[in-house]
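*Asks:* Chains A and B supply the protein sequences, listed in that same order.
If you're matching positions, the first sequence starts at 1 in our numbering and goes up one per residue.
If you're matching positions, the second sequence starts at 1 in our numbering and goes up one per residue.
Simulated from the structure, these hints should not be mistaken for lab results.
Each statement offered as a hint is correct.
List time: in silico DSSO-like cross-link candidates among lysine-lysine, alpha-carbon distance up to 30 Å:
| no. | chain 1 | residue 1 | chain 2 | residue 2 |
| --- | --- | --- | --- | --- |
| 1 | A | K157 | B | K293 |
| 2 | A | K306 | B | K157 |
| 3 | A | K157 | B | K306 |
| 4 | B | K316 | B | K157 |
| 5 | B | K157 | A | K292 |
Number of protein chains: 2
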Amino acid sequence: MACSDCGYDTAHRFYAGRRVMITGGLGFVGSNLAYRLVELGSPVLLVDALLPDQGGNLFNVSAIRDQVHLRIADLRDASTMADLVPECEVIFNLAGQVSHIDSMRDPLADLEINCRGPLVLLEACRLHNGGVKVVYTSTRQIYGRPASLPVAETHLKQPTDVNGVNKMAGEWYHLVYNRVYGIRATSLRLTNTYGPRQLMMHNRQGFIPWFIRRALEGAEITLYGDGSQLRDLTFVDDAVEALLLAGANEAANGEVFNLGGVTPITLRDLAGRIVELAGGGSVRCVPWPSEKKPIDIGSFYADYSKIRRVLGWEPKVDVTEGLQRTIAYYRAHGRHYWPTVPEMARDHDPVPLRA
Amino acid sequence: MACSDCGYDTAHRFYAGRRVMITGGLGFVGSNLAYRLVELGSPVLLVDALLPDQGGNLFNVSAIRDQVHLRIADLRDASTMADLVPECEVIFNLAGQVSHIDSMRDPLADLEINCRGPLVLLEACRLHNGGVKVVYTSTRQIYGRPASLPVAETHLKQPTDVNGVNKMAGEWYHLVYNRVYGIRATSLRLTNTYGPRQLMMHNRQGFIPWFIRRALEGAEITLYGDGSQLRDLTFVDDAVEALLLAGANEAANGEVFNLGGVTPITLRDLAGRIVELAGGGSVRCVPWPSEKKPIDIGSFYADYSKIRRVLGWEPKVDVTEGLQRTIAYYRAHGRHYWPTVPEMARDHDPVPLRA
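Using the sequences and the accompanying hints, generate a full structural model.
*Replies:* Dropping the structure here:
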C-alpha cells in the first residue's frame, strides 16, 4: 500500500484488519469502496438485497469476489441485521433507493427502503453493537433549489421530491442515534458521483452514466433548456476517500459534510466533453417541457470547505480524467451494465428530471 | 354564528356546507376542531384509528356525536383512503403519534404512523381527489435546540428524536405534493398546544396536561433543573382558528407557519400558576438526570409573525384564561381521561423528556 504520499495515511492504516460492513455493497459506491478496503487489508462484509432496478450488480465485485464476504440480504430484516451488525467495527450504510423519479412513482417503496432500512440498521446497532461507527451517504438533493451558491451544510433543506424527503430523514436518524445513544455516526452529502460500476440500465439514477451510455451508443444526448445549469461532479474514488476519512476520524462523529467537485461544469459542457472523449454521440438542447419546468433546480454546486477543514478531504480527480477512466471502464465492461440488443437501446428520453 | 367581530369572518363563512375530513378526529386538536366546524355548518367526517395509548377518545366528541360522521379507520389503509378522500373538500391531517419518548422506544411504529400514514393519504389525494386542500399539523420539535429566539420558520431544523425526524418528513411530503402535483397543502408547526380533550392517561404526550392532572390529584409536579426554561403555549381554540384560516386561504398553499403563544412563560411559573388555579398540588425542582441532560433543548418560543402577516392569525387566549378553562373541563370530565383508582395514580415521573 503506497499511501504514504497521499495525505490520507492515518485513515488508510485505520482499516487494516478492521471489520467493515458495506450496505448496498454490490452497488456503485459500495463496490468501489469494497475494492479500496480490500487493498487496505480490511475484512469486508458486503450486504446487498439486489433489489430489481437498483444499482446492485454482482459483476461489480467480480475481481474481489474471493476476498470479501457477501450476504444477499435486506437491511429491513431485523433478524439479519441482528446477526450481522455485532461483527462490525465500521458500517458504511450506503444501501438506498436513489431514483427521484421512482420515488414519485412509488413513494411507499422509497419510504421502506430509505427510512425503514436505516432505522432497522440503527436499532440493530443500538441493541447489539453500540460501539460501532456508521457512515451514511446522504445527498445534495435534500437542499432542493439553492438560494445561493455554493451551497453549505447550513443551507435550508427544501427537498423537491419524496426521495429527498426520505434521504433527509435517513440522515437525521443517524444524527439522532449519535446524539441520544452515542452511536458514532457521520453523514456525507454526495453530489453527482460518477465513475465505474454505476448503474446504466435505465436513466432514472443520474444523468452522467446516462450521458456516457448514449455517447458510447452513438446516440443523441438531449438537454432541457440551454444546458447552462452548473453541476459539481465527484469522481467515485474521491467519494470513497471521503467515506474512509469519515469512518476513521472521531471528529466526524455527529457531523454532516458536503462533498463536491474540483470545478463546477455546465451540463452542456459536460455532455460535449463526454461526446468528445467517447468519440461518439451528439448533444441537442430542447425547451423544458412545461410539466417538468417547476422541478428544475437551476445550478447547484456545493461548498465542501467543512470536510476539507475537519477531515482534510478534497476532490482530486478532475472531470476530464474521471470521464476518461469511466468511459474506458464501460467500453470494456458495458455489456455487464446494459443490454446491447438494438431494441433495448431505443430509449432516448432527455436528461432525467433532476439532472 | 356571531363571527362578524372576530376578524376571521371570511374563513368562518368558508366552512358552511364545506365537506371536511379530520384525520385524528377523535384526538385532542381534531375533536376541538370538529366542534368548531359543526358550529360553522360544515359536514364533518372524523377518521380515527383509536390506536392504543394515543389521544383518540370517543368521549371527546360525545356532545356532537350525532352531528358528525365517524369512521374508525387507519390512515395507512389505502383502500379506506380511496373510499373517503374523494368526498372531501378540505382535509385536516392531524393523525399522528405525538410522543417523543414512544418514538425512541419504538421508532418503527412512529415511522409507520407519522410517515407512511401521510404518504398514503397524499397518494389517495393524488389519485382520487387532486382538488382537495390539506392542512397538516407539524411541530416545533423539528427545530431541536434553538440557536436563537424567537424561532422563525427559516431556523435550521435539527430534530432531536425520531418523532421529530418523522414529523419533519411528514411535513415535507405535503410540501412536495403541493409543489409537484398542485395538491394544495399547508403545514402548521404547533408549539405546546393545551386545552380541553387532551390525553391525560400518561405523561408521554406533553407536559401541560400532565401538570394539570398532577395538580388536580393534589400531587407533586417535578421539574428538571431550575424550571427557568421558557415555553410558548397555544390554547387549543387558537390552534383551531389557525387551522381554519389555513384551510380557507389560498395564500397558505405550499407554506409552513409557526404558531405561538401570547407570552412565553417559564416552566416554573407555569407549574405554579397551575397549582394556584387548580387549588392543589405542589412544585419541586430536581437536578437534571445525567442521561436526560443531553436532550434538554433549553428555552423555546416561536416567532409567529409570518402567519400573522399572511393569514392574520394571532393567539388570543392567555395562559391564565386558557388554564382556567382547561382545569374547569377536567374537573368536570377528568374521569373520561384518566383512571381514578388510587393505584393508577402512583406514577410521579418528572416532567417528560422534551418539556
